[in-house]
Amino acid sequence: EADIYQTPRYLVIGTGKKITLECSQTMGHDKMYWYQQDPGMELHLIHYSYGVNSTEKGDLSSESTVSRIRTEHFPLTLESARPSHTSQYLCASSDWTGRAGNTIYFGEGSWLTVV
Amino acid sequence: GEDVEQSLFLSVREGDSSVINCTYTDSSSTYLYWYKQEPGAGLQLLTYIFSNMDMKQDQRLTVLLNKKDKHLSLRIADTQTGDSAIYFCAESTGGFKTIFGAGTRLFVKA
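As you go down the protein sequences, you meet chains A and B in turn. Numbered by this note's numbering, the letters in the first sequence go through residues 36 to 150 in order. Numbered by this note's numbering, the letters in the second sequence go through residues 391 to 500 in order.
Here chain B is said to cover these stretches of chain A; the calculated rule only asks that three of the stretch's residues, wherever they fall, bring their Cβ under 8 Å from a Cβ of chain B:
(1) 71-78
(2) 131-141
Partial list, computed: chain B residues near chain A (C-beta under 10 Å):
(3) Y421
(4) Q427
(5) Y438
(6) A480
(7) T488
I should point out that these hints are in silico values taken from the structure, not numbers from a laboratory. Note that the Cβ used here is the ideal one computed from N, Cα and C, for glycine as well.
Using the sequences and the accompanying hints, generate a full structural model.
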């Protein structure tokens with residue numbers, strides 16, 4: 036069972052506000068990810084990290100930024116939220132094992148609505 | 391390039407078996423995964439299979455892998471209404487890279 040936590044779970048904010056979505060994992064995984072997913076739709080990788088001080092952009096361009104100062108923590112920040120940012124944001128982590136490969140474990144998601 | 395494809399929808403009657411199919415393109419895939427996503431939640435790992443295996447069974451779930459055709463399937467026996475969800479197939483070729491399909495929406499009719 037994975038231990039990865041996201042806060043807030045649900046957030047409604049006004050256009051132009053700054054928002055940080057928090058993500059923490061207690062498994063000591065090196066790799067962490069942020070995916071964006073519209074309701075019932077496919078996943079889009081927007082950011083990932085190989086470890087502390089490593090951050091990379093994913094396949095889908097995003098106006099958000101991330102940081103990785105500690106292994107367990109991978110926050111995502113939107114400096115100025117817009118209605119087009121309304122979506123579910125899923126944080127995940129993984130580590131390579133010979134038994135199960137690069138198994139990715141997901142948090143419960145943060146639902147962001149920008150009005 | 392790497393790609394994972396799934397049919398978008400599947401509808402079955404309660405008590406029947408469900409078979410969700412997936413095809414992948416990367417022949418170097420080493421692990422293949424099935425995830426379940428219920429409404430409003432994250433993805434939950436259901437099961438995985440190593441590429442040197444043909445089949446894996448776990449209670450009501452059976453995973454079949456045809457490496458020659460790069461085809462993966464998930465069979466759910468005695469499907470229940472609680473199995474209604476989106477099922478994602480994923481492949482991993484090593485390192486950080488795991489590619490997800492677009493998900494199959496399973497509807498279970500009572």
